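*Asks:* Starting from the known structure of chain A, arrange chain B on it as the hints suggest.
Protein chains: 2
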Amino acid sequence: MSIETMIKEMAMAAKAASRHLRKVERGTKDSALRIMADRLILRGEDIIGENKKDLALAEKSGLTSALIDRLTLDEKTIISMAEGLREIAGLPDPVGEVTGMWKRPNGLMVGRVRIPLGVIGFIYESRPNVTVDAAGLCLKSGNAVILKGGAEAINSNLILEEILKEALRETSLPQEAIQVIPTTDRKAVNTLLELEDYIDIIIPRGGEGLIRFVAEHSRIPVLKHYKGVCHIYVDEFADISMALDVCFNAKVQRPGVCNAMETMLVHEKVAKEFLPLMAERLQKAGVEIRGCSRTLSIVPQAVPAKEADWPAEFLDLILAVMIVSNMDEALDHIEKYGSNHTEAIITRDYERSRRFLAEVDSSVVLVNASTRFNDGYQLGLGAEIGINTSKLHAFGPMGLEELTTTKFIVYGDGQIRS
Amino acid sequence: MSIETMIKEMAMAAKAASRHLRKVERGTKDSALRIMADRLILRGEDIIGENKKDLALAEKSGLTSALIDRLTLDEKTIISMAEGLREIAGLPDPVGEVTGMWKRPNGLMVGRVRIPLGVIGFIYESRPNVTVDAAGLCLKSGNAVILKGGAEAINSNLILEEILKEALRETSLPQEAIQVIPTTDRKAVNTLLELEDYIDIIIPRGGEGLIRFVAEHSRIPVLKHYKGVCHIYVDEFADISMALDVCFNAKVQRPGVCNAMETMLVHEKVAKEFLPLMAERLQKAGVEIRGCSRTLSIVPQAVPAKEADWPAEFLDLILAVMIVSNMDEALDHIEKYGSNHTEAIITRDYERSRRFLAEVDSSVVLVNASTRFNDGYQLGLGAEIGINTSKLHAFGPMGLEELTTTKFIVYGDGQIRS
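Taken in sequence, the protein lines are chains A and B.
Sequential numbering of the first sequence, starting at 273, is according to this note's numbering.
Sequential numbering of the second sequence, starting at 273, is according to this note's numbering.
Just chain A, same shape as in the assembly (with noise of 0.2 Å):
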């Protein structure tokens, strides 16, 4: 069978199930959610062998040390992936929920009701418990889910959706609804892009490159962020204590995801008083400024920032630094390099609060907080499939009910229209 037939195949199966997981009630996909998490403990030792053979051919090819990190399971992660399927049973599930009924003057009684988007496609280059949070995620909704993991990780994804499909077995649900690629060739990826009868939405993670493959490629719709180019705007009224701790924690709690500052924005009249100390504490963590030609003028420890450093993804400890002369200046700032994806303002003026919230077009606006809470978790959603930073469906961090969309019922007395 060609890649071809065999993916369409696998997208038809997947619609297939996912009319019978329309129907499924809550208490039957919590089942399979605590089974799957009981399994992957219960057959942990074929897991990781599993995952040494992937583990010995990435040493084989070279990666690094950084990549094989991310690649290894160990009964630490697999007790994690466990949890992390036991958290989603316990979360409400979003299917059936009635968003809002209302009658209409012709005595129509006209409703919204949150129902599952369909068959889900999910391509990641991350780590191999993904895989298992996908699955779990898109089961909950009611969803069925066609994953394409990294050509790395293939043994270990594949011993993972023969645990999870035990699970499916075990409590009657359509072994389709989750199905892993079992190939590494691109051939699939294409494939999978152009079946707009059989997925309605396709997500994918992991780097630039990735995305923007996918993006140019799909005929389906694709919730994806590109990059997250971060920022914090230390306003002139800003407490400089709390500044100086949220900025740290920003640039560098973990610097390596997208939620992390990337740049900092400080008003000119809070400069001289704030500018020394922050540097200090961000060299000491290892952090590199890069500073506008102002900036250079207060920290001597900064290099000049090109003008390519202010779109710039950094993902690592570097932080770009601008001095401006007012809001509006960091505002227009944020519109020009900004990736709609998080931003926010140290202050303690109540206007400046209110606008900084309004007027910034991204998917997460904090006040006094750190950027790196644009996340499902914490952001009380309960858990998180990906970020959206195009404003369709879903704009920013999408849990559960991202997962989901309404359909209109309407209860009828023999109504026509006139």
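None of these hints come from the bench; they were simulated from the model.
These figures come from a predicted structure and were not determined experimentally.
Take these hints with a grain of salt, some might be off.
Note that identical chains are pooled: a pair holds if it fits in a single copy or bridges any two copies.
Claimed, not checked - Only pairs whose alpha carbons sit at most 20 Å apart, straight line, appear in this in silico EDC-like list of lysine to aspartate or glutamate: (1) Lys578 <-> Glu607; (2) Lys499 <-> Asp469; (3) Lys348 <-> Glu317; (4) Lys348 <-> Asp310.
*Replies:* Chain B only, in chain A's frame:
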């Protein structure tokens, strides 16, 4: 200037305007809408004059009389356009609504606030009054819009733009909030569909050919429906008299629209009683019945249905009729041939009504009411810019709220992530 450059400049200007529109309060938007309405009336003669140019060209190029009728603007249609704008002014402003707010264990207050999508590309081939409708809905929801109407309506659309812009000027709103593409060159559409950096969403409205062209060429998310193959299932427990009225209404009241019934599914237990009565009424209204073999034995006037009739959107006085042995067959038929648009059941049975509402995967599912109610105004959304049958963003009719999205706003007191 090349067409490509012109369209790109329009899109950039629209994006700049949308940044301004985000901040505009309801009062200003409603004033602009009401002034637009007044101006349309005031300049009725100019509109009719430009419309006559379009009509003369249309006659020369041999457009059908039905199309010429749709193209014609007279005093009555102008008054109705003005009334439409005043109605939009009276609707609540979706922008700024906080759809929820909650407190996190660390004290962060997290909320979701409704914001405009940004820039909307609206591509249509309908009557020129759609230009005014769409511009009004986009303005009210805080979006900039680029309008590309049919070539045959270009003079009408340009004079309407001129009048709408007068109102923008009077209320100090940016001129680029509403722009009509001033050329009939197809290249304009191709260029528009590639400008993903400036345009947030494309809404096409018109024939299936136009919509497929847009969906295939767009790099911007498209909200659309290809066609409406709407079904009514007359259940074994239907009230026959209600079934007759509702089915007649759904087929005959306005057969040329997407929410008209195209296929009627009839339970075998009521077919002998219901179908002859129904067929007689439909025939009197000039409806051609294309029936399955069992239908033919009950309705001798019917012609045999071909396989191509089941997925067909006739948009005409033609109805496909199939007799089913049970409800499962009806559900399977809808799943296979339906377009996820609108489906209705006629029944007095409680359980069947529940099952139909739950299992049918369409944007609007009705019990004992005509499919013709799938319409933003009829369902209580106030107005409608189109109907979307993809699951993303807004499944079903799209009103003002569906022209917005939400962003997260977070109020903190210095919280950092540990």
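*Asks:* Compare the structure with each hint and give your call.
*Replies:* How the hints compare with the structure:
1. Lys578 <-> Glu607: within (18 Å within a copy, 57 Å between copies)
2. Lys499 <-> Asp469: between (29 Å within a copy, 14 Å between copies)
3. Lys348 <-> Glu317: The answer is within: 12 Å in one copy meets 20 Å, while 77 Å across copies does not.
4. Lys348 <-> Asp310: within (14 Å within a copy, 70 Å between copies)
In terms of the numbered hints stated before, the structure departs from none.
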